[in-house]
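Order-wise, the sequence lines are chains A and B. Under the numbering used here, residue 300 is the last one in the first sequence; the count climbs by one each step, no gaps. Under the numbering used here, residue 1258 is the last one in the second sequence; the count climbs by one each step, no gaps.
It should be emphasised that the hints constitute simulated quantities derived from the structure, not laboratory data. We treat Cβ as the ideally placed atom computed from N, Cα and C, and that holds for glycine. Check the hints yourself; a few may be wrong.
[Stated by the list, open to error] Partial selection, computed: residues in chain A whose CB lies under 8 Å from chain B:
| hint | residue |
| --- | --- |
| 1 | 75 |
| 2 | 121 |
| 3 | 238 |
| 4 | 239 |
| 5 | 242 |
Residue-level listing of the chains:
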Amino acid sequence: MSKLISLKKAISDYVNDGDVVYAAGFTHLIPFAAGHEIIRQGKRNLILARATPDLIYDQMVAAGCAKKVIFSYMGNPGVGSLRIVRTAIEKGELEWEEYSHFGMITRLQAGASGLPFLPMNQTGATDLEKVNPKIKRIPDPYGGKDVIVVPALNPDVAIVHVQRADKNGNAHLWGIIGEQKEAAFAAKKVILTAEEIVAESVIRADPNRTMIPGIVVSAVCHVPFASHPSYSQGYFDRDNEFYLAWDKISESQESVQEYLDEWVYGVKDRNAYWKKLGQKVHKRLSIKPRYSEKISYGKY
Amino acid sequence: MKDIKYSSAELMIINAARLLRDSDVVFVGVGQPNLACNLAKRTHAPNLVMIYEAGVIGAEPERLPLSIGDPTLVSGSLSVVSMYDIFSNYLQRGNVDVGFMGGAQIDKYGNINATVIGGYDHPKVRLPGSGGSQEIAAWANRCYIMTPHQKRRFPEKVEFMTSAGFIGGRGDRDAAGLRGRGMVGVVTDIGMMEPDESGEMILTALHPGKTVDEAKANTGWDLKVAGQIRVTELVSKKELKILREELDPTGIYLKSNA
């Protein structure tokens, strides 16, 4: 059955105030379009989980959508500080819960596997353990050294952007695959946005590339360029200039409000946003193709 | 001989590059560590395998990557895996030789703070946090860090231990059952520090023209000096040319103060 709906309807139907939201993607395929739609719909008291909050959560926190962040690295990648989340934490206006990358991802892996927790080896750096009571250590039942355990993370909703999906939500993604698969399996509901909606036969022609199967997906939305200012491998480049610009924009509340007014509240959807970016930006972010070699699955 | 001029960033990057060995598998961050690794690969370590925490193995970036997840790292790499795989199969399993660390502070025992200044619950300065550094420090065979030699960056004891060096001394690291040799080299713009038998970072090398007094004055603990102190080899024209013309032609990471 087709799960193809508009992003507006998907956010309205599947994201509720107070939800734990995981917008996936480690620097790549970050679902900015969905983040902006959440802001436009005025969702509140969300618990925003992401290994790297990135600009998407900086913007959602600025717009008042969040009461808490769960993260493992809070920076503007390649630029410096993530000013809004950082300032909100320093001022005590935002709750937070912190892990190392491995701790964070292990929480998702446990959630995706249906386990209550998963172990990791000790790292000797115990300060995070001291400040985060969810990080615990337990004896190795087989007689080795104590292991560190973290609890499963099962977000209410995961949002994942992919290069292509069929209308049932079977999705191909490639390039940096971060934690998209784990987020999708861990979450109770999954919203997919896709650069392209393709026929099921396209998915079936390369089944090893299917990271997310339709059976775990709630909604599929056709949203080209949904990941800008991050990128979609093979489709368009990362907009580093915007990451640098955000460093300036996020210096003051006024300029953040102006940005949100113009680029989030002031546009109807991602299509309007992309048009508004203009041809110069489109050209700057365009890339030449570099194809993989074909493989044969064989006819049986 | 004509004097060759270089920035402190160039000096550190070149000396860090020299620490890498051919065929090392190195866990790389963007910025200066990335330049050091690419320089090593183009000079004495052509078989260096670069791993990025975004999950890219054997990257051969055609342009300067500007973030840890730059798409140029992916195209033409040997393999791309999930974050869970990179931290478990590669790092935790022991398949990484070298870890290049970053961080705001590093202390006498090579421990790093990248989390917070001024108390965790009510931070004065909230830093980015661990990212992958907690695990890299624990499980890579050798760890290096490059950082300008300034007192505020080298406190006697970090106020938050984001990643472990030798903790309170070498015995602590052994007792925690970590892999590898820990923080084995701190490259600064004055010279280099390496751990002694107890795990304490001591001054083992000076760059040409730098002095022990300068190093001591810019270190937050009573810096010991190795019995035989080495002077690092002069920065070569070839190394500078590769950095300036091939790797970072617009000087994004090279232009920090001389």
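Checked hints:
Taken as an interface hint, residue 75 (chain A) checks out: its beta carbon lies about 4 Å from the nearest beta carbon of chain B, inside 8 Å. Residue-level restraint check for residue 121 (chain A) holds (minimum Cβ-Cβ distance to chain B is 6 Å; threshold 8 Å). Because the closest C-beta pair between residue 238 (chain A) and chain B is about 6 Å apart, less than 8 Å, the hint holds. Below 8 Å, beta-carbon pairs count as interface contacts, and residue 239 (chain A) has none with chain B, the closest being about 11 Å; its hint is therefore violated.
The closest approach between the C-beta of residue 242 (chain A) and any C-beta of chain B is roughly 12 Å, which is over the 8 Å cut-off, so the hint fails.
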